[in-house]
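A.B. asks: Based on the hints, put chains B and C in the right spot on chain A.
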Amino acid sequence: MMNTLRILVMLAWRNLWRNHRRTLIMLGAVVVGVWAMIFMTALTMGMVNDMIEDSISVLPGHVQVHNPDYLDDPNIANLLPKPDKEIETIFAPAGFLAWATRIKVPAVLSSERESRGVTLLGIDPQREEAMSFVDYSAVDGRFLDGPDDDGLVIGRKLARTLETELGKRVVLMTQDPDNDIADRGFRVVGLFSADVEAYEEQYVFAGKGTVQELLGVGDRVTSIVVLGDDYRNVEPVYEKVQALVDDGVAVTRWTELDTYLGTMLRVMDGFVLVWVIVIFLALSFGLVNTLVMAVFERVREIGLMLALGMKPSSILGQIVIESMMLLVIGLAIGNLLAWATIKPLEGGIYISVVAEGMAMMGAASVLYPQLRPEDVILANAVVLILGFFASLSPAWRASRFQPIEAITKVN
Amino acid sequence: MTAVRCVDLCKTYRQGDQDIKALDHLSIEVEEGGFVCLSSPSGGGKTTLLNAIGGLDKPDSGEVYIAGERIDNLSKGDLAELRLHRIGFVFQAFNLIPVLSARENVEFVMQVQGVPAAERRGKSLEILEEVGLQGLEDRLPSEMSGGQQQRVAVARAIVSNPALVLADEPTANLDSKTADELIDLFKHLNEHHGTTFIIATHDQRVMAYAKRLVRMLDGRIVEQIDQNAA
Amino acid sequence: MNLVLRLAWRNLWRQPRRTWLTAGAMVFSNVLLVFMISLQFGMYRLMIDNSLQAFTGHMQVQARGYIDDKKMRQTVPDIVALANELRAELNSDAVAARATAFALASSEDRSYGIAVFGVETQFEPRVSNIPGLVSEGRYLESNDAAEIVIGAVLARNLKVGIGDELTLLGSGRDGSFAAVVADVVGIFDSGVAELDRTIAEMPLGLFQDVFYMRETGHQVVVNAPRLGQVAELKQRVAALLPEDEDLVVQDWDALLPGLKQAIQADISSAVFMYAVLVILVAFSVLNTQLMSVLERTHEFGIVLALGLKPGRLGRLVMLETALMGLIGLFLGALIGGAVTAWLGVHGFTMPGMDEMGAKFNLPSRLHPDVTIASLLSGPLVVFLFSLLASVYPALRLRRLQPVEAMRSA
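Protein chains in written order, with this note's numbering: chain A, 3 to 413; chain B, 15 to 244; chain C, 52 to 460.
The reader is advised that the hints may include incorrect statements.
Derived pair list, reagent style DMTMM-like, types lysine to aspartate or glutamate, alpha-carbon separation capped at 20 Å [stated by the list, open to error]: (1) Lys159(A) x Asp119(C); (2) Lys87(A) x Glu167(A); (3) Lys122(C) x Glu131(A); (4) Lys90(B) x Glu303(A); (5) Lys122(C) x Glu116(A); (6) Lys210(C) x Glu303(A); (7) Lys210(C) x Asp178(A); (8) Lys121(C) x Glu167(A); (9) Lys90(B) x Asp178(A).
Now the in silico label distances, taken between C-beta atoms and shown as ranges [to be verified]: (10) Arg84(B) x Glu350(C): 44 to 50 Å; (11) Gln148(B) x Glu350(C): 37 to 43 Å; (12) Glu237(A) x Ile423(C): 48 to 54 Å; (13) Leu26(A) x Arg84(B): 47 to 53 Å; (14) Ala96(A) x Gln315(C): 45 to 51 Å; (15) Glu376(A) x Asp234(C): 36 to 42 Å; (16) Asp160(C) x Asp249(A): 35 to 41 Å; (17) Lys90(B) x Glu376(A): 44 to 50 Å; (18) Trp341(A) x Leu439(C): 54 to 60 Å; (19) Glu350(C) x Tyr27(B): 28 to 34 Å; (20) Ala389(C) x Tyr27(B): 45 to 51 Å; (21) Leu26(A) x Asp304(C): 24 to 30 Å; (22) Leu435(C) x Lys90(B): 47 to 53 Å.
Not the full set, but computed from the structure, chain B residues with beta-carbon under 7 Å of chain A [said to hold, decoys possible]: (23) Val44; (24) Arg97; (25) Gln125.
Bear in mind the hints are in silico, worked out from the structure with no lab data behind them. Glycine included, every Cβ here is placed at the ideal spot set by N, Cα and C.
Pulled out of the complex, with its shape left as it was, chain A reads as follows (with noise of 0.2 Å):
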């Protein structure tokens, strides 16, 4: 068996170079095919990864938990029921990669020319750290001390909306849980930047002490945020919080706050599958087409072959084998390009020329292509498997020949 396997081997690759201009272009087809899969996978998928990374840090890390009422009527009247010193022993030894309590609340921020919408974030800035979109290293005057900092930090793109600067004075409102308006005065002791430029208007970030006092809310928040290792599989994370907090409480998934992009998520994901096997079928037919070519041209010799005794199957052998190797020659050096591609741009892309079309769909104007291994393994897999497919045709008719009738056959 081995023998003949190994001389089915042999015969397979030095067929594949009897024509070689043939192999070349064939060559150069499914490695420019194998290219554009995996460069054109790492593009969308690092541009997902982005979308979700930056929502969900913001957004709903996630998991989260909240009072059920909150989540259709975010006011602060709908507070968590323990507080926050309690909840803090029951999260911490539980040993989630990050998790924070937060104080989510709509406010209108007022400098003296104008005034905005925003969304009040009270938070502890340690804790925070792990889990926010802003670039800490790119803040403009500092960012907040600690949960009883008194200074507001506001994104650059409102500052200048609002015509304002670092070391003004600016008047936050917003409701009490008695629906009295609660309204006090900061300075802005810090300006942060964020990709996602709508997020510099929509967030300004208190301590989570200051807003507690200016609410009169005692220990109490709205929100525990959670974050685990993979956004794609959250499951793990779910059941543990899960079964830390009491029945009153709602916990819910990223994907379940914002469908756009949980959804967008799967989209993504069947895209990139159904763009790899499109590649593959235009591949297919030339692939199919020169094997046919080659079957056409040796029918004397698979008639030979076939007369001194091999099986018909070693014929069927020898064509799969031959085009699994073309294949496979083309893949290793298609994953190379790709990865040869990939790399040098993987301090990102920028796209600043459609910046705005990017952010409307939620995403930055800076493209951080990344390459997955299993995204990497999925296009290889569909290109020998479903080329092991493609190949069975040709050399199922080669292996029918009658060895009499091959070996006379007049081209």
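C.D. replies: Relative to chain A, chains B and C alone:
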């Protein structure tokens, strides 16, 4: 013991709108160690008979026995096995696999049979020497003359010691000197190895060498002449 | 010429399986291209139309600089008069004046920051879908009553229904304190979260009083009958503007830059994909034609020896490619067009389109539209590149020497 026995073979082909009787109730026996030449004008049926004996083609009716074993009713798979282990073929042309060297062509059948590498190599080199091709083992068919190619084919046909060698017009594409050398080779192998040869040809020189000459016409045997090889 | 044509055609069919496989690659690509391009064109047009008709309009007359800074004090003077004049000159009702400000809206239970718009009650329905999407109550009627219409999400957040009162607090044009109490007479549901959550509309007259606008406003929205006529209309409107004020006409491209760019980004990624398909087809053609030429070396040698010029041989090969390409083009366009047209009638949907549609103002079922452009653009490019691919094999023929050629098998 008879190497080959055919009983009442019939085979008809359709060509265009005519029926051609390639074998017409033909019976023949060839003893072990025999050297038989089949001759007929083109289309006389010798190739068809050869194909039937070699298990490449099934007759419409009649029986074929190789070394006492009936083969005309074997399955395709069994026939392939038969061809692999017991029969050697030399065709008129296109005998060799273009991508394999002379030695590799000779080893081909042994490799498919499963013979271990060292043994294969030894045997193939030995046989190539015997057919007068030492030094040319690593040449590709495209790098050899017609005569050399045929010798490689012969080497391949006999290297695994088949009981029977069937050759179809082996000298047709060769010049006279090379053809003579090839026939000498056949004779040598027939005498020293005892291999049975059945050769289809209309080359006079080949016919002269045969121990027995069988003339065919329209699918029948019209004459059998016993002659002693010169 | 006829003979050459027949010869080329017959040559194609010497190896029918090979020809069909190569043509098959073309057909496959063409079907995909026709479908995707039709879908895209249709989708973009729909996106644009829907987004603009929701609220933005095709173009707006604004004060210079307003588009960037959006400051309360960057106003269009005598805005209603200007709107009237435009309506008269353009002979169209699709012209409406607006003014806008940021305000804090308070109901009995809740307060939220919103964008308030003062609108011309009779003309606003001609430039925006919102008045037509009132799901509860009614749209505004008079020009100065203390009425307000809000979005469904806002209504829910504020916990108000028809007949409830809203208090609005903000700053007027001169920076002074502005306040008003208005009755909620209508709630609209546009399906666009942004709009339903942040927009409230009140009569322009009321707005101008409350926010100390005097006779000014911020935008005059002008809609063209069709998207294709926007550029021309923009010129006309610009010409009609009073010269001493610093007013400009901004078209939707500038008003919603994100829209055009989102489309552009999508187009670029699509073009990348199409390019890959076309290249793969070209490879296929190259391979086929090269093999086909090499096979016939002997025969070509004879033909050359008989006196035919190498150039003509080259043209023969290109003609063969062209014929094969035409098969690919026609079949591809036919099948692609048929499939797309069928989907155009029955609608086409993919999982996930609901949510994505909501974000981009698209319905969850798309009906791709086959136009001449979408039908032919893809296949024509494939055809062209196929011809290009056969240039190399054709060129090889020019260097062929008769005797050498005849020697090869």
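A.B. asks: Take the hints in turn and mark each one as holding or not.
C.D. replies: Structure-based check of all given hints:
For the hint linking Lys159(A) to Asp119(C), the alpha-carbon distance of about 12 Å falls within 20 Å, and the restraint holds. Of the supplied pair hints, the one linking Lys87(A) and Glu167(A) is violated, its CA atoms being roughly 35 Å apart against a limit of 20 Å. Among the hinted pairs, Lys122(C) with Glu131(A) is inconsistent with the structure: their alpha-carbon atoms are about 35 Å apart, more than 20 Å. At roughly 19 Å between alpha-carbon atoms, Lys90(B) and Glu303(A) fall within 20 Å of each other, so this suggested pair holds.
For the hint pairing Lys122(C) with Glu116(A), the CA-to-CA distance comes to about 8 Å; that is within 20 Å, so the pair holds. About 85 Å separates the Cα atoms of Lys210(C) and Glu303(A), which puts this hinted pair outside 20 Å; it is violated. Taking the CA atoms of Lys210(C) and Asp178(A), the gap is near 16 Å; set against the 20 Å cutoff, the hint holds. Of the pairs offered as hints, the one joining Lys121(C) and Glu167(A) holds, with about 18 Å between alpha carbons and a cut-off of 20 Å not exceeded.
With a C-alpha separation of about 91 Å, the suggested pairing of Lys90(B) with Asp178(A) is violated against the 20 Å cut-off. About 49 Å separates the C-beta atoms of Arg84(B) and Glu350(C), a value consistent with the hinted range of 44 to 50 Å. Range check, Gln148(B) to Glu350(C): Cβ separation about 41 Å, and the 37 to 43 Å hint holds. Range check, Glu237(A) to Ile423(C): about 51 Å between beta-carbon atoms, so the 48 to 54 Å window is met.
Between Leu26(A) and Arg84(B) the beta carbon distance is about 51 Å. The supplied range of 47 to 53 Å therefore holds. At about 46 Å, the CB distance of Ala96(A) to Gln315(C) agrees with the hint of 45 to 51 Å. Remark: the range hint 36 to 42 Å for Glu376(A) to Asp234(C) is contradicted by a beta-carbon distance near 57 Å. Hint check: Asp160(C) to Asp249(A), Cβ distance near 26 Å, so the stated range 35 to 41 Å is violated.
Separation of Lys90(B) from Glu376(A) is about 46 Å and conforms to the stated range, judged on CB atoms against 44 to 50 Å. The hint said 54 to 60 Å for the Cβ distance between Trp341(A) and Leu439(C), and at roughly 30 Å that hint is violated. About 31 Å separates the C-beta atoms of Glu350(C) and Tyr27(B), a value consistent with the hinted range of 28 to 34 Å. Taking 45 to 51 Å as the suggested C-beta distance range, the pair Ala389(C) and Tyr27(B) conforms, at roughly 48 Å.
Checked against the hint of 24 to 30 Å, the pair Leu26(A) and Asp304(C) fails, with Cβ atoms roughly 47 Å apart. The hint said 47 to 53 Å for the Cβ distance between Leu435(C) and Lys90(B), and at roughly 50 Å that hint holds. At about 20 Å, the closest approach between the beta carbon of Val44(B) and any beta carbon in chain A exceeds 7 Å, and the interface hint on this residue is violated. At its closest, the beta carbon of Arg97(B) sits 4 Å from a beta carbon of chain A; the interface hint therefore holds under the 7 Å criterion.
For the restraint placing Gln125(B) at the interface with chain A, the shortest Cβ-Cβ distance is roughly 5 Å, inside the 7 Å limit, so the hint holds.
Violated hints for the displayed structure, listed by number in ascending order: 2, 3, 6, 9, 15, 16, 18, 21 and 23.
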